[in-house]
Amino acid sequence: MNFCCGCQAKAVLDIESKNREIEISHSFRRNAIKNMESQSKEKRSKSIQYIALGSLVAFSTTLTGCSKAPSIAQNNQDKDKEETTASGSHFGSHGGGVHVGGGGGSTRTPMAGNGAAKPAFGAVSRGWFGGFRFSGG
Amino acid sequence: MKFEKMKARRNWRQRADEAGYLAAILDNPPYWVEALEDPFCGVLTMEEVEDVIETATSELYKMSLEAVDFVVNGANSERCFDALKIAPQYRNAIRKSWRRKDQSIYGRFDFAYNNGQLKLLELNFDTPTSLYEASIMQWFWLEDLKVQKTLPETSDQFNSLHERLIESFQKAKKDCHTIHLASVDDSAEDEDTVKYLQSCALQAGLDARFIFMNELGFDALGQLIDLEGNVINQLFKLYPWEQLMYEDAEVKRNFGRQIFSPLAESSLTKFIEPTWKMILSNKAILPLLWQLFPAHQYLLETSFDDESAEAQFLRQSPHVKKPIFGREGGSVSIVDPENPEKKVERESIYGNEGFILQALHELPKYKDYHLVMGSWIVDGQPAGIGLRADHSPITGNTAIFVPHYIRN
Chain H
1 MNFCCGCQAK AVLDIESKNR EIEISHSFRR NAIKNMESQS KEKRSKSIQY
51 IALGSLVAFS TTLTGCSKAP SIAQNNQDKD KEETTASGSH FGSHGGGVHV
101 GGGGGSTRTP MAGNGAAKPA FGAVSRGWFG GFRFSGG
Chain S
138 MKFEKMKARR NWRQRADEAG YLAAILDNPP YWVEALEDPF CGVLTMEEVE
188 DVIETATSEL YKMSLEAVDF VVNGANSERC FDALKIAPQY RNAIRKSWRR
238 KDQSIYGRFD FAYNNGQLKL LELNFDTPTS LYEASIMQWF WLEDLKVQKT
288 LPETSDQFNS LHERLIESFQ KAKKDCHTIH LASVDDSAED EDTVKYLQSC
338 ALQAGLDARF IFMNELGFDA LGQLIDLEGN VINQLFKLYP WEQLMYEDAE
388 VKRNFGRQIF SPLAESSLTK FIEPTWKMIL SNKAILPLLW QLFPAHQYLL
438 ETSFDDESAE AQFLRQSPHV KKPIFGREGG SVSIVDPENP EKKVERESIY
488 GNEGFILQAL HELPKYKDYH LVMGSWIVDG QPAGIGLRAD HSPITGNTAI
538 FVPHYIRN
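In order, the protein sequences belong to chains H and S.
Quick note on the numbering used here: the first sequence kicks off at 1 and runs consecutively.
Quick note on the numbering used here: the second sequence kicks off at 138 and runs consecutively.
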C-alpha cells in the first residue's frame, strides 16, 4: 500500500514535475521572446513631426482663433528614398526666421534691462525680469 | 562608448537651415560637430544604452526625487534649504509645489561615462539646453546617414525626446489650454530652444505663445501679463529660478510685493519647470545625494566647501570645485593638490553663495576633446542622450554637440 501510494505519489510528482518543466520551458520561451522584443525595440522615435522655427513666427501672428499649427510632417514611411539625403520637401517651408518676431505679433518696447525707465505701478510694469545675461545650462 | 570619425553631410547646413536652427548652431564658435574640419560621432552598444545609461538615469532620477522629498518633508527641512541657499520666502512655494506634484517636463543629468563606469557630474533640471540638437538635429543626422548608406539601416539612437516632449505637453493641456514660453532676448541658443519647445506644445494641442523674459509684465493684482494684456496662467521659462528670486526681491523693494513667489505658492500661475526644481538645479543637491546614498555606484564623493572632515579629505585628491548656483561650467575649477599649477578654471560671476567639492572623475577623450554625456528625463522617464565636446575638461556653453548612434 505504502509502495502503491508511493507509486501513485511518484506518478503525481512526475506529472507535476513534467508540467513544471513545460511551464519553465514556456516561461523561458516567453522571456526569450520578451528579451528579443526588448532587444529589437528601437530606442529612437520612429518618426518626427515638427514645426520649423520659421513657421512658428507665421503661426504667432495669427495666434488668436488659430487652432491648427502649420506643422510639416516628416515620416519615415513617406520618405522619398530617391533623395540622396532625407532633406528637402519633408521640412516644408524654409526656417530662416530664428530672429524674427516671436512676441505674439506685438512690437517690442524698450525694457528696464535696456536702461529704459521702469513704468509706474498701477498699470502693467515690465522689464523687471530677464535681466540676467545667461545662456542655458 | 567609442568615438569614430564621420564625414560631414554635404547638406548639413541646409538641413539645419530648413529647421530654422542654422543661425544658432553657427553661433561663434559653431557648436554642431559637422562644422568642424574633422567631425566625429559617438558609438554605443544597445547593452550600454539599456543596462548602463537608461538604468542609471532611472535610478538617479528616483534618488533625486527622494532627495527633494527629504528637503521638503524631512525633519531638517529648514537646514537643508539653508544649505541650498534658497531664500525663506520661496520655501513654502517649493513645499507646496512638491506636495501638489506640480508637473515637470524635462531635465538633464550630466554623466562622465568612461571605461564602462558611469558617474553623475551634475543635474540640470531647471534650465537645460542642447535640447533641439539632441532631439531634432541628431535624429535627422542619423536618418540622413542611413539613407546615404553610410550607416546600416539597423543603426539606432537613444532618442525619443521629441515624442516624449509632446506627450508631456499634452498633460500640461489638462490644467490650462494656453501656455506662454519665455526665454532671454540675447541668446540665439536659448531662444531656439524655447521656440522648439513651443513647437512641441503646439503639436500637443496647446495655444503656445512665445515671449521674451523682459517682456513679462505684472499688474496691480500681481498677475503676470503678456504683451497683449492677457493674464499668463501657465508659463514655461528658460530662466533660472534663483535669478527670479533675486529679481523678485528687487520688485519687492520697489513695489512692496513679490510676483513670482506668491504666484508659485498659490499656483495661480502654473510654472514649468516648477519651483521644486530649484532643489535639483542647485549644486548643493550633490553633497545631499552623497549623504543620502553614500558610496552609491553612480555618485561621486561630494561635500560642501567648508571645514568639515569630508571637505578636507576631498581636498587631498584631485577634485572639482563648483559654485552652488552656476551654469555652463562658470566658476568651476579642477584642482590637483599635487600639481596646483595645473589648476583648470573657468572664470565667471558665480560663487557668491558658496561652493561644493566633488571628487574628480575624468571625462572620456577623443583627440583633444573631453566629452560629457547629457542624459534626458522627460516626464519622469529616460528619453535620450546628447554628447557635448569641449577642449577644456570643464564643459562650457561653447561645447560642440556630437551626435551618436547605437551599433546593432
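Since the hints were derived computationally from the structure, they do not count as laboratory data.
Accuracy of the hints is not assured; some may be wrong.
Said to hold, decoys possible - Once the Cα atoms are required to be at most 27 Å apart in a straight line, the calculated BS3-like pairs of lysine-lysine come out as:
#1 S/Lys286 to S/Lys308
#2 H/Lys46 to S/Lys308
#3 S/Lys142 to S/Lys308
#4 S/Lys286 to H/Lys46
#5 S/Lys458 to H/Lys46
To be verified - Beta-carbon label-pair distances, calculated as ranges:
#6 S/Glu196 to H/Ser47: 48 to 56 Å
#7 H/Ser47 to S/Asn545: 48 to 56 Å
#8 S/Asn210 to H/Ser47: 40 to 48 Å
Quick reminder that beta carbons are idealized off the backbone N, C-alpha and C, glycines included.
27 Å Cα cutoff - pair S/Lys142, S/Lys308
violated (41 Å)
H/Ser47 versus S/Asn545 beta-carbon gap, inside 48 to 56 Å or not:
19 Å Cβ-Cβ, so the 48 to 56 Å window is violated.
With a cut-off of 27 Å on the C-alpha distance, tell me whether H/Lys46 and S/Lys308 pass.
Holds. H/Lys46 to S/Lys308 sits at ~21 Å (cutoff 27 Å).
S/Lys286 and H/Lys46 were given as a pair; does the straight-line alpha-carbon distance stay at or below 27 Å?
OK: S/Lys286 and H/Lys46 at ~18 Å, within 27 Å.
Within 48 to 56 Å or not, the Cβ separation of S/Glu196 and H/Ser47?
At roughly 30 Å between Cβ atoms, H/Ser47 and S/Glu196 fall outside 48 to 56 Å, so the hint is violated.
Outcome for the supplied range 40 to 48 Å, where the beta carbon pair is S/Asn210 and H/Ser47
With a Cβ separation near 42 Å, S/Asn210 and H/Ser47 satisfy 40 to 48 Å, so the hint holds.
Run the distance test for S/Lys458 versus H/Lys46: straight-line Cα separation, threshold 27 Å.
violated (41 Å)
Hey, S/Lys286 versus S/Lys308, does the alpha-carbon distance stay inside 27 Å?
Roughly 38 Å between the alpha carbons, so the hint for S/Lys286 and S/Lys308 is violated.
The structure is inconsistent with the numbered hints 1, 3, 5, 6 and 7, although it conforms to all the rest.
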